Amino acid sequence: MSSPEAAARAVDVWKVYGSGETEVAALRGVTLTIERGRFTAIMGPSGSGKSTLMHCLAGLDAIDKGEVHVGDAALAGMSDKQLTALRRDRVGFIFQQFNLLPTLTAEENILLPLNIAGRSPDRDWLDRIIDTVGLRPRLGHRPTELSGGQQQRVACARALVPRPQVIFADEPTGNLDSQSGAGVLALLQQSVREFGQTIVMVTHDARAASYADRVVFLADGRIVGDLTDPDEGVVLDTIRKLDADSAAVEAA
Amino acid sequence: MLRATLKSLLSRKLRLVLSALSIVLAVMFVAAALVLQDTLNRSFDAAYRSAFDGVQLQVIGSSPLGGDASATPPVPLDETVVTAVSKVPGVAAARGEVRADGARIIGRDGKVPDADGQRVGVSWSDASGATLKEGRAPAAADEIVINAGLAEKTGYRVGDTAGVLTTRPNQTFTIVGIATYAGRDDLVNGEQTISFAPRTAGELMLGKAGSYSSVDISVAAGTDTGTLKADVQGVLGRELVVRTGDEAADDAAGPARSTSSSITRILLGFSGVAVLVGAFLIANAFSIVVTQRTKELALLRALGANRGQVRRSVLLEALIVSVLSSIVGFALGLLIGRAAASALGGSTGVPIAGFRLPVAALLVSFLVGIGVTLISALVPARRASRVAPVAAMRQALPTERPGKVRTIVGAVLFGLGVAALVAGAAGGAVGAIGVGGVATFVGIVLLTPALVRPATGLIRGLTRSTPARLGRLNAARNPQRAALTVVSLMIGVMLVTLVSTILTSYRSTVTQTVQDNLNAELIIYSSSAGPGTTPPSIDPSALQKMRQEPGVAAAAGFSYETARVDGKDQLVYAWDDVDQMSRIASVRALSGTIGTDRVMVNESTAKSMGLAVGDRTNVQLVRGPEVQLEVGAIFADTRVVDGFVVPWSQAGTGFRSPQPSQAYVQLADGATQADVRNRISTLLAGSPEVDVHDRSELIDDNAQALNMIISIVQVLLAIAMIIAILGVVNTLVLSILERVGELGMLRAVGMYRREVRRMIVTESVVMSVLGAVLGVVLGAGVGLAAVRAFNDQGITDVAIPWPLMLVYVVASAIVGVLAALAPAGRAAKLDVLTAVRAV
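Same order as they appear, the protein sequences are chains A and B. The first sequence lines up with residues 1 to 252 when you count with the numbering used here. The second sequence lines up with residues 1001 to 1839 when you count with the numbering used here.
Just chain A, with the same shape it has in the complex (with noise of 0.2 Å):
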C-alpha cells in the first residue's frame, strides 16, 4: 500500500462533528497523497475543510473513517503518547500566530523541538537554515524583540531544523503584511527547492498558494480540484470557476 513517493497520505477520510440533527461532515471522503520533496498547498473557502484535512494529516484530530499515514506509520488507532511520539519525530509545525515561546530567544525557540525530543543539533545544518531564514544577527532577541516576519522566519527554522518528513504550515503569512508573507512564502519555496523538504500549506490566499508545487482544491470536504504549478491567475481562475458551480449546484 505505502508509496515511497508519500510523505503523507488520506485514503476516503471523512470527519463529522456532532451528532444526530447537528451533524456535519467537515471531510467527506477525502484521498489524498502528498509527494515527498514537493510544497502542496490546500485551498478552499472557510468551512471547506482544509484545516481539518491538514490537522487530520498532522495526527492533530481524530478521524472517523478512512486511513491516514504519515511516511509509513498508520495513525488509526495511535495513542496520545504515539501521537505525540510521531509528531515529535516525523512531523513538524509553522502556525498562523507563529507561536514562539516568549521566555525563549530566537535560538532558543528554534531548538525547541530538538530539545524537547532529546536530540543534539546538526551544527551545520542548523547554520545554513539561519542563513536561510536570515536571523544569524537576531538570535539573541525575544520574540517580541522581533518583527512579524522575523517571528515567523523563526518559526519556520524551528520546523526545519530537525528536518521533519512533513511540515504543516497553517496560513503562514495570515498575520502577514504582503513584503514579509512574500518573504515567508519564498523561503519555504526555498526550502522545499534546496532541501528537498516536504511542505503542506493551508491557506486562502491564491496569491500564497501560487507559491506551490501544486494546489489541492476543498469545497464541502471534497477535493475538487487539483493544479501543478500554477500561477497565480490560474488558481483566481480556478476558484472563480469553482464558486460559479457551487452557486449553480445551490441554484439547481
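Any given hint could turn out to be false.
To give an idea of the interface, some chain A residues facing chain B are shown, with a C-beta separation under 8 Å as derived from the structure [to be verified]:
#: 1; residue: H55
#: 2; residue: L60
#: 3; residue: D64
#: 4; residue: L75
#: 5; residue: M78
#: 6; residue: Q97
#: 7; residue: L112
#: 8; residue: N115
Taking lysine-lysine and the DSS-like style, the derived pairs with C-alpha atoms no more than 30 Å apart in a straight line are [stated by the list, open to error]:
#: 9; chain 1: A; residue 1: K81; chain 2: B; residue 2: K1111
#: 10; chain 1: B; residue 1: K1111; chain 2: B; residue 2: K1133
#: 11; chain 1: A; residue 1: K65; chain 2: B; residue 2: K1404
#: 12; chain 1: B; residue 1: K1404; chain 2: B; residue 2: K1295
Think of the hints as simulated: they come from the structure by calculation, not from any bench. Bear in mind that the values here come from a model prediction, so they are computed numbers and not experimental data. Where a beta carbon is used, it is the ideal one built from N, C-alpha and C, also for glycine.
Chain A is fixed; fit chain B onto it per the hints.
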C-alpha cells in the same frame, strides 16, 4: 456597569472560588476566635454568678499590685472591718469570710490531684451556700469539709484523714463532712473547695489568724444595694473595695476568663496570619483578574466608560466576592467556635452558655473580610482604570516589569531594616528589632518582583531538562504575580523560623547553663505546675533534713514572684539559705557583702536597674505593704541564680507561698547520685507537688515546654501554607489559561503530557521554594538579631534551627508539588487542537 461586572464575575467562577476561599478562611478564624471567647466568657460568668448568688455586697482589700483582683492573693482584713461595716445603717449582718486559692489536698496516692479550676480554701459558713451532703461542719482546727466533686475525685469519705497544703506545709486533717452547693457537686465546675473551721481558715489560707479575705454584707430589707454600697465605701475609705455579688463573681471568673482569652489570642494570632496571607492572595487574584480582563476593560473604555467606572467595576467585584465570602466564613467560624467551646467546656465541666449571635464578632468578621479585600483590590483596581482603550485592539499583553520606584523603595526599606536589626542586636534594643523586622519584611515584599528573575536564574543548573527549564522561566514570567505568590508562602515560613530561632537559642542557653554553670546534680521542682496558680511548695523541714543527709554537700531552696520594684513590675527572687545557695551557684560579691538581711542583685541586673550597694528600693510584693529595702550586695553574674534577690523573711510575708517552690541539691564528692536521690525523694513525702530531677530531666522539661510553643507556631505555619497553596493554585491555573496557545504548540511539536506536567510542577516548586528560602533567611535573620538583643535578658547562646529550616524548605517544595497537581493535570489534558488555536 453593574450588569457588566456581574456577568464577568459569573463567567469566571474558578477565579471567584479561589479568591473567595482565602477570604473565607481568614474570616472563619476571626469569627471562630471571637465566638469561642464570647461563648466561654458567658459560660464562665454564668457559672460564677450562680456561685455568688448568696452574696449581696462584699468588702475586700484592694490588691497591692493592682490589676486582676483574683490573680493576686486576697488582702487579709481583720475584725475591725466587720465591726465598722456592721454599724453602717442598712447593713442587716456583716460576717468575715475566708476564700483564697492554694488549698491543695493530697490524694490517697500521695499526689496532689490535677485541678481544672481553682483550689480554694474557705471558712465554713452556713451562709456561703454550702449544704452538707454527709457528716457535719468543721469545728476543730484539724477538721475539714470537702466538696462532693473533690470527694469523688480523690475517693475520700467522711472519717478519712488527708494531708492539705496551705500557706503552711502539709498538715493532716480529718474529713468530717462532704458539701454540695445548691445541689451541685462543686461551687463552680472544676473547683476544689476545702472548708476549714472559721477560726483556722484565716491562719491557713491568709497567713494570719483571725483574718478574713472578705466581709460579706446582708442588706437590710428596704435598703437599696447601690446606696448601701456607696455608704459602706464612704465609711471604709479608699483602701478597701466594696463590690456587689455580680462584681465579685466577675472578678472570680477572672482566671477562667484569662485562660479563654489566651486561647482567643492564639486563634486571633492565627487569623492575623491568615488575613495577612489572604491579603496577598486577594491582591494576586484581582491583579490576575485585571490582566485577564484587560481587553474587556479596554473595550468598556472604548465604549465610553470613564476611569472611575472601570475602577469601581473592579472594586464592586471585590465587594461582592468579599460579602459572600464573609458570610460563608462567618457561618463556618460560628460553627467552629461553638464546637471548640463545647470541647473546652466539656473538659472543664462548665456548662456551655446557650447560642447567641455575637454582634461584635459579626461586625469584626465582616469588617475584616470586606475591608481586607477592598484594600487588597485597590492597587489592581487602579491599574485597571489605567488600561488604555486602544488595548482592546492590541494583540499581546505587554509583559510586566517590576516597577523601578517600588524596587528602590523596597531596597531602601530593606537596608534601613537591616541597619535597625544590627543596631538593635548590638544595643540590646528589642524595640529596634521589631521596627527593623517589619521594615525588612516590607522591604522584601517590595523587592520580591525584582528578585524573582535573578533568583530563578540561580537554579539554572538544577533545571536542565527542557520541561524543567521552561517551568523555571515561566515562574519568573510575571514577576509581580509570582512575587505575590512567593510572599504569601514566605510569611508563614518566616514567622515559624523566627520563633524557632529564638526558642532554639533559648533552649540551647538553658542547656548550656545547666551543664556548665549549675553546680547542683539534683533539682527539686514540679514539672506540672502551670502559671497563675498557687506555686508548688517544698516543706522547709524537708530541706533542713536534706542538708544533714550524708552525700549532700549543699541544698538551697528558692522562690520567685512578680513584684513592683521602684514602680516597675519585675520578677524578684528569694533564697531560703544564702550560704548554701552561694556555694551551689558560686555567688561572689563584687561590692557589699553577701548576707541574709539585705537585697542582693547580680551585676547586669543592677546595671540595667541602675542600682549600687546602699541604694534603697521600694518593693511591693503580692502581699503586705510596700517595704523599703536596701541593696546589700552586687554579685558577679552566675547565669543560674541571677536577679533581684530579696531577703527570705520577705518571701515569708510577701510571697503567695512562704515556702520555697524549687531547690538545688549539690552532692558531696564520692556520693552516689541514685542513692542520694532516693533518700531525698523519701524526705519529700510531705511535699507531693515536687519531684527530684537530675540535670538532663531539667533540660528535657524545659525543651518540652518550648517544643509545645514551636508546635503551636507550626500549626500556624500549616494554616498559612494551606492558604498559600490556594495562591499557588490560583496563579498556576490562571497562567495556564493565559498560555493555552503555548501549551498547544508545545504539545504539537512533541511534548508529552508528563513533560507538560513536569513543566507546571517545576514552575510551582520554584515559586514555593523561593518563598520558603526567603522566609527562612528573613526569619532566621530577624530571629538572630532578636536573640542578640535578648542577650541581657538571659539568652546568651545563639542557635540556628538548621534541621527545622531544612524541613520548612522541603515542606514548601512538597506544597509546590501538591498545589501543582490539579493545574498540571488540567494543562496536560488540554486538547492539542483546541489549545493550538486559542492564541
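Consistency of the hints with the structure:
1. H55: holds (6 Å)
2. L60: holds (5 Å)
3. D64: With a closest approach of 15 Å, the D64(A) hint is violated.
4. L75: violated (14 Å)
5. M78: Hint violated; M78(A) Cβ to chain B Cβ min 13 Å, cut 8 Å.
6. Q97: Status holds, d = 4 Å.
7. L112: holds (7 Å)
8. N115: holds (4 Å)
9. K81(A) <-> K1111(B): violated (72 Å)
10. K1111(B) <-> K1133(B): Judged against 30 Å, a Cα distance of about 26 Å means the pair holds.
11. K65(A) <-> K1404(B): violated (59 Å)
12. K1404(B) <-> K1295(B): Holds: K1404(B) and K1295(B) sit about 26 Å apart, inside 30 Å.
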